[in-house]
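Peer 1: Chain by chain, the residues run as shown.
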Amino acid sequence: MERRASWFNVTAVALGLAFLYLPIVLVVIFSFNASRLVTVWGGFSTKWYASLLQNEALLDAAWVTLRVALISATAATVLGTLAAIALVRYGNFRGRTLFSGMIYAPLVMPDVITGLSLLLLFVAVGLDRGFWTIVLAHITLSMCYVTVVVQSRLITFDRSVEEAALDLGCPPFRTFFVITLPLIAPAVVAGWMLAFTLSLDDLVIASFTTGPGATTLPMKIYSQVRLGVTPEINAICTILIGLVTVGVTGASIFTKRREVERRRAERMAAANP
Amino acid sequence: MTAAADTATSAPRQRSHPFGWLVVAIPYAWLAVLFLVPFAIVVKISLSTAAIAQPPYTPVIDIFGGIGAITAAVRQFAIDNYVFLTEDSLYWRSYLQSLEIAVVSTFLTLLVGYPVAYGMARSSRAMRPILLMLVILPFWTSFLIRVYAWIGILKKEGLLNQLLLSIGVIHEPLTILNTNLAVYIGIVYSYLPFMVLPLYAALEKLDDTLLEAAQDLGCPPIKAFWKVTFPLSLPGVVAGCFLVFIPVTGEFVIPDLLGGTDTVMIGKTLWNEFFANRDWPLASAVAVVLLILLVVPIVVFQNQERKQQEKEG
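Going line by line, the protein sequences match chains H and P.
For what it's worth, our numbering labels the leading residue of the first sequence as 1, then goes sequentially.
For what it's worth, our numbering labels the leading residue of the second sequence as 1, then goes sequentially.
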């Protein structure tokens with residue numbers, strides 16, 4: 001049955017979306033404000049973007065953040081996918097309860113606790129704090145998100161193709177790369193993107209685990225925000241919002257297209273047995 | 001083939017691969033070392049004493065010094081930090097206010113999120129993925145940016161006051177920024193997607209024929225909502241509330257940027273103890289107590305999630 005949209009439902013959704021988007025839209029608009037007073041419109045200008053390019057410290061921080069996010073998201077995707085396979089395909093292995101506990105707990109654990117505990121670990125083992133300690137911390141945090149995303153995909157997909165490959169003597173390792181991985185690819189991509197944005201976003205854990213020399217963009221933005229709202233911050237935020245919007249919509253179109261192709265292939269396979 | 005038979009036939013085959021056990025062992029070891037062990041260290045350091053040294057606490061356990069060195073260090077452990085937490089009212093107030101803010105804001109987020117999720121689930125089949133995408137998209141943009149955006153709106157000469165002054169609703173600008181109200185707005189805003197998504201997932205699965213049956217039997221729509229829709233959406237309500245309540249209790253960014261001096265939340269207290277006072281042992285004790293407060297909701301949340309996953313599997 002097709003559900004009918006009542007005025008109440010439409011209003012609720014419209015108000016909800018307005019609430020979610022209005023603050024972000026305002027940041028974007030005021031990043032083009034010529035006036036230094038952030039809340040008074042003084043005409044259109046892109047001068048804050050030009051002044052960003054002169055800001056060495058900020059560009060450095062952006063570069064550090066990007067590298068941390070790329071490395072940690074990739075490692076987290078590998079580890080998180082392994083963990084998802086372990087949870088879905090390995091049945092009741094010993095210590096499974098503890099394992100799934102360690103997967104779900106970081107999802108809700110307050111950042112201050114995760115950050116503090118990881119820092120104390122790094123100090124205890126005598127690791128030099130800086131770039132790589134942030135990477136390790138971010139891998140640990142985001143691999144659990146990857147696991148949850150990949151796990152739900154692994155649970156729902158049709159295993160008969162995989163079984164067929166194994167029955168025909170394809171080694172398990174190869175079966176994984178030739179059959180399983182392409183089938184769960186959309187979830188793996190989504191997991192990678194989630195891990196990437198989590199890392200890009202994180203202020204608290206990075207602040208705890210960093211050392212001299214490694215300042216990330218959120219840390220930089222945070223220290224400037226504490227001094228007050230400035231048009232430059234609006235400009236950085238707008239660039240980040242733009243990147244995320246392009247990335248997420250691009251990825252979702254990509255996965256949608258793959259989904260459609262896969263369905264078509266499945267239909268054709270069913271029609272010509 | 002049923003799910004049970006499925007795992008029974010193929011799981012052993014996969015495990016028969018000589019390196020198959022690594023699939024479990026690698027992530028397991030990673031989480032044990034970087035998630036579990038750190039908590040043990042936090043507990044250990046919460047029992048130490050602050051010192052002007054590098055690292056700034058004593059005793060420092062020399063794990064290579066043998067049993068003797070370790071027991072000697074353990075003898076120096078003291079519960080002074082925990083005693084201090086009960087003596088200074090700052091910590092009491094932080095914990096209580098954190099819980100209060102978390103409970104109230106979880107309820108507010110549910111109040112705002114439920115109609116949105118309901119409206120999404122009732123929209124046409126073609127609209128649903130688009131609306132879902134629109135709700136998820138802000139969640140991808142930086143948390144810090146979203147909190148920051150509210151400073152410009154809520155401050156004294158901010159956009160909200162300008163708007164209200166210009167349409168004549170108020171004659172004096174309102175003080176909203178740096179109050180608890182601003183903290184509530186910030187939390188509801190930032191955590192709304194966490195509430196809407198599980199609610200939507202529960203409401204979308206709802207079988208329409210149940211509501212039709214209620215209607216046919218003469219049940220008025222509002223009563224049908226409370227008797228049919230709401231009880232069936234409870235798993236989503238529970239999941240959403242946990243996803244909001246637990247992290248909000250330890251929230252740092254929102255109370256720090258939007259709250260005032262009288263907003264004392266435990267995440268902020270911990271942060272100050274660590275970064276401003278450099279008292280690592282006390283910060284660890286604060287973290288241990290926070291963890292004890294949250295351990296029950298976290299375990300309940302995990303069981304809920306596991307059951308949900310197994311039901312779908």
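Just to be clear, a hint being listed does not mean it is correct.
Stated by the list, open to error - Covered stretches of chain H (in silico footprint by chain P; criterion: 3 or more residues with CB under 8 angstroms from a CB of chain P, positions within the stretch not fixed):
#	segment
1	77-86
2	116-124
3	180-190
4	194-204
5	259-270
Derived by calculation from the structure, the hints in this document are not laboratory data.
Glycine is no exception: its CB is placed at the ideal position from the N, C-alpha and C atoms.
Peer 1: Using C-beta distances, would you say chain P covers the segment 259-270 of chain H, given that this needs three or more residues below 8 angstroms?
Peer 2: As far as the segment 259-270 of chain H goes, the hint is violated, because 0 residues have Cβ atoms under 8 angstroms from chain P.
Peer 1: For the segment 194-204 of chain H, do three or more residues have a beta carbon lying closer than 8 angstroms to a beta carbon of chain P?
Peer 2: Contact hint for the segment 194-204 of chain H vs chain P: holds, 5 residues under 8 angstroms.
Peer 1: Tell me if chain P covers the segment 180-190 of chain H under the three-residue, 8 angstroms CB rule, please?
Peer 2: Violated - the segment 180-190 of chain H has 0 residues with a Cβ nearer than 8 angstroms to chain P, which falls short of three.
Peer 1: Cut-off 8 angstroms, C-beta pairs, minimum 3 residues; does the coverage of the segment 77-86 of chain H by chain P stand?
Peer 2: Satisfied; 6 residues make the cut.
Peer 1: Verify the coverage statement for the segment 116-124 of chain H against chain P, using a C-beta to C-beta distance below 8 angstroms and requiring 3 or more qualifying residues.
Peer 2: holds (count 7)
In this structure, the hints that do not hold are numbers 3, 5, in rising order.
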